[in-house]
Amino acid sequence: MTAPAVECELCPRRCVLANYQRGDCRVRVNVDGTLYTLVYGKPCATHVDPIEKKPLFHFLPGTPIYSIATAGCNLHCKYCQNWEISQTDPEDARNVDLEPTRVVAEAERTGCISVAYTYSEPMIFYEYVIDAARRGRERGLKNVLVTAGYIEPAPLRELCKVSDAANVDLKSLSDEFYREICGGRLEPVLRSLTIFREEGVWLEVTNLIVPELNDAPSSITKLVRWVRDNLGAETPLHFSRFYPMYKLANLPPTPVATLTMARNIALEEGMKYPYVGNVPGHPGNNTYCPGCGQAVVERHGYAILAYRLDGNKCNKCGATVAGRWAPPPGDVRWGS
Amino acid sequence: MKKIPRRSSLALAVVVAACLALAVYVGVQGIVAARGGSDAADEAGRKKAFEEAMAKGNLSFEEAKYWRRLEPAEGEEPR
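Respectively, the protein sequence lines represent chains R and L.
For the record, in the first sequence the residue sitting at position 178 is 208 according to this note's numbering, with numbers rising by one throughout.
For the record, in the second sequence the residue sitting at position 39 is 47 according to this note's numbering, with numbers rising by one throughout.
Because the hints were derived from the structure by calculation, they are not lab data.
Yeah, the Cβ is synthetic: ideal placement off N, Cα and C, and Gly gets one too.
Be aware that one or more of the hints could be misleading.
[What the hints assert, rightly or not] Which residues of chain R face chain L? A few of them, derived with a C-beta cut under 7 Å, are:
#1 Y50
#2 K72
#3 A75
#4 T76
[Claimed, not checked] Covered stretches of chain R, as calculated for chain L (at least 3 residues, CB under 8 Å):
#5 35-42
#6 168-175
#7 316-323
Work out the full structure, taking the sequences as your base and the hints as a guide.
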């Protein structure tokens with residue numbers, strides 16, 4: 031007689047797994063009626079990044095962030111920028127042994143005050159994230175999730191308890207786009223975004239604009255309005271440039287004019303902090319004061335060139351700029 | 009009535025026998041599959057692949073959170 035099947039309740043796929051079968055994410059397996067994760071303490075990527083690379087522009091700017099990822103993902107975006115690790119089996123990746131306590135130790139050793147769970151999809155190495163984040167909290171580290179938000183509500187709420195900030199990749203406001211391009215669904219992502227907001231996690235949103243697929247002004251307007259109406263006009267919104275990759279290597283890079291157009295739409299719709307990403311030197315890299323329009327944080331790509339905030343106030347007009355700005359930013363030359 | 013040549017009738021008998029043998033084979037395979045024989049073979053294949061993956065020494069093995077066992081109903085074979 032075979033062992034019982036199990037149902038994974040972590041993500042909206044709710045994979046039902048026969049004995050020795052793996053989930054869609056490649057990293058969770060039913061062995062004799064018990065579900066195991068294969069990537070706990072086994073990252074395939076560890077790196078120190080500027081926090082602006084996540085991208086987070088309103089959270090501890092100018093600081094380095096210890097960043098880790100394991101193999102696997104529960105979405106399968108045809109344009110994935112990290113497909114070499116997200117779309118591979120974990121046994122085929124170059125993993126290192128890094129238990130949660132060592133994640134914290136490495137973050138401290140490298141001078142980081144925060145840890146990012148990023149690159150692939152932190153929701154599929156959930157247990158590892160939770161344990162490392164708890165240990166980090168005990169040492170005063172902040173925890174950052176860079177995610178597509180494809181997770182069920184209960185595990186997400188538990189994760190939010192140990193998370194300080196998140197950048198959620200909202201790929202489109204079209205369910206058809208999610209189904210055809212990413213192999214997922216839109217609704218769970220929108221639900222996750224509202225949960226992050228409800229749970230008080232600092233939230234920024236990224237929309238990677240892909241030529242011909244989600245670059246229509248009407249699509250961008252729809253997305254902007256959803257973010258404004260459900261997450262608030264003060265939510266930083268990053269329009270990021272696509273580069274030909276993975277299964278969409280045939281498409282051209284996103285024209286800068288398209289990204290500028292998207293940012294202008296967001297401004298017209300009342301968003302306070304829309305950005306242009308992956309285009310160093312674009313004026314849309316900067317944070318502007320919502321009161322007087324001064325560039326309160328000037329950036330070139332990930333590098334901070336000028337910083338004109340006192341705490342969370344514009345140093346010219348005193349208007350409040352939304353974000354988690356304390357402690358003061360680190361070396362403003364970071365990333366330059 | 010024209011008489012069928014002896015050689016042709018022999019060939020016909022061979023073809024009929026082969027068809028019967030094939031039908032029996034397919035039937036038996038169907039019964040095996042219905043009883044879970046194919047599932048067992050699939051499971052054995054998955055187990056082998058899993059053991060090969062673990063043998064690479066590149067994975068961990070920790071119990072996951074957020075899952076449930078699908079207990080079969082009384083008299084039902086597990087899925």
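Hint by hint, here is what the structure shows:
no., hint, verdict
1, Y50, "holds, 4 Å"
2, K72, "holds, 5 Å"
3, A75, "violated, 14 Å"
4, T76, "violated, 15 Å"
5, 35-42, "holds (count 6)"
6, 168-175, "violated (count 0)"
7, 316-323, "violated (count 0)"
Hint compliance for this structure: hints 3, 4, 6, 7 are not met, and every other hint is.
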